[in-house]
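*Asks:* For reference, the chains in residue letters:
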Amino acid sequence: MNFKIRKIFAVVLLSVLLLTTACTPKQPGRFDQVQQESSRQKSGQAVAKSATQGGEFNKFFPPAEDGYQRVFTQEKKGFAEAKLKKDGKEVAMLAISDTKSTPATAASYANSTKKIAGYPAREIGNTQTAILVNNRYQVKVLSRSPSFTASDREAWIKKFNLDGLAQLK
Amino acid sequence: MSKPIFELVDELPTNNLTVSMLNSLDFVAPGEWKNIVGFVNTIKAVTGETDENLIQAIGERAIYLYNDRSQGYQRAMWLYQTVDRTDKALGAAALANKVGEKVPLLGFLNSLTPKADKAQTIDLCLKLVAELLAFCSINGIPGDSIGDFVASLGEYSGESFIRMVALVCVDGLIPLGSDFINKGLSLLNQTNPQELEQNSTFQNIQDVIPGNNPASKLNFIGESFDSVKGWMNDLVVSRDLTPQKVASQLQNLIEFTGDKLDYLAAFLDVATNYYEHTGTQTLARRLIERAVAEI
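These protein sequence lines are chains A and B, in that order.
Under our numbering, think of the first position of the first sequence as 1, with each following residue one higher.
Under our numbering, think of the first position of the second sequence as 1, with each following residue one higher.
Take the hints with a grain of salt, since some may be wrong.
Stated by the list, open to error - Here are the simulated lysine-lysine pairs, DSSO-like style, with alpha carbons at most 30 Å apart:
1. A:Lys89 - B:Lys229
2. B:Lys44 - A:Lys158
3. B:Lys34 - A:Lys86
4. A:Lys86 - A:Lys59
To be clear, the hints were calculated from the coordinates, so they are not data collected in a lab.
If we strip away everything but chain A, and leave its shape as in the complex, we get:
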């Protein structure tokens, strides 16, 4: 009897062990789902066909000024970005993007109460300030140095040619 119980116990234990080790699915990673979603088609899933070419945005960026240098770093469909340097050191990034490709970005302005230069504005995380121009183009300034504060970001957003950008179709 005792032997039988021990045998049953061993079998139960073994099957529990097998179930928990062999059959436990691999813990999905935090980016697995988005990887799956974004691989369903080969192209066009991240950037809308109708998005404005990045080169169209360049002329609306603020020019270099006293002690600041502006270096363009990326120009892709629906996106342009420049680095802002002071005394040779990177202090911020300046960017314009077309929210045709990122409708969630445009939607996130719906509840914003803050305005900069008359446009709905958002403060994001520790380093970012952005506005939405003409319900379509996001202008964002991102700090790359602690010395470049939220008020610096706001001041630099105002230096973009926002009226010009608002006319862009």
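Got chain A sorted already, so can you dock chain B onto it with the hints?
*Replies:* The following block gives chain B in isolation, referenced to the frame of chain A:
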């Protein structure tokens, strides 16, 4: 399906011969490169953001961008990987040494064949061309003028800069000597399209090199080399780089004698993949910079 970008970045080694080699070149540009590995780590390092939801959103946008083939990121990754095909077996054998022990080059002499100067020159040039093409695939052609574009090329820093330093040191100075720029130019002038076609790296990437035939592709390669020779020369002169200086730094990792520099070059060529390693880091950085600006 190609590997997800977050896996490529997560799987970057924290310590191997490639990483040690790049660290030993730190003397050229002290503190310029840190071996940041891991997708989330890279997001934090690039953006300075700490909020987990924000990091998730940035990562998800970056993954979408990478997987959209029209955006050119996968092509850039392929270029970095393809010009750097290493002999993994030999690399692994080199690493079989105990941690902290130098790799004895002597043990590998039989399995190494130093390249002729011309073949080495073609390899160096193809790496440069791949860099130029990958740059444009990743960043587009930023700005409205040639000046803007040159300025954006001049912004090479961090992992991009150490990649170019390694190119000059490991694919230029060590195999070809201190006069590698002029030597390379003259060897390239003596190269005919048929010789180019025999190069295995060229065979792999020729479709993406501008030009209708091998002759015009060779022309493009020559022009690319010509356009960066000034930059390479400035680097060599300003840091007073010599094959001996580079070799003496590398002697901290690898045991070899000064008369075996051609074997050292052949060994590093097959045992390291610094283009792929730092190229993955460059690509991840640029993707993340774009993603954070778009969300």
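*Asks:* With reference to the structure, classify each hint as holding or not holding.
*Replies:* Tested hints:
Between the alpha carbons of A:Lys89 and B:Lys229 the distance comes to roughly 26 Å, so the proposed pair stays at or under 30 Å and holds. About 27 Å separates the Cα atoms of B:Lys44 and A:Lys158, which keeps this hinted pair within 30 Å; it holds. Only pairs whose Cα atoms come within 30 Å are accepted, and B:Lys34 paired with A:Lys86 is accepted, the gap being roughly 23 Å. Taking the CA atoms of A:Lys86 and A:Lys59, the gap is near 21 Å; set against the 30 Å cutoff, the hint holds.
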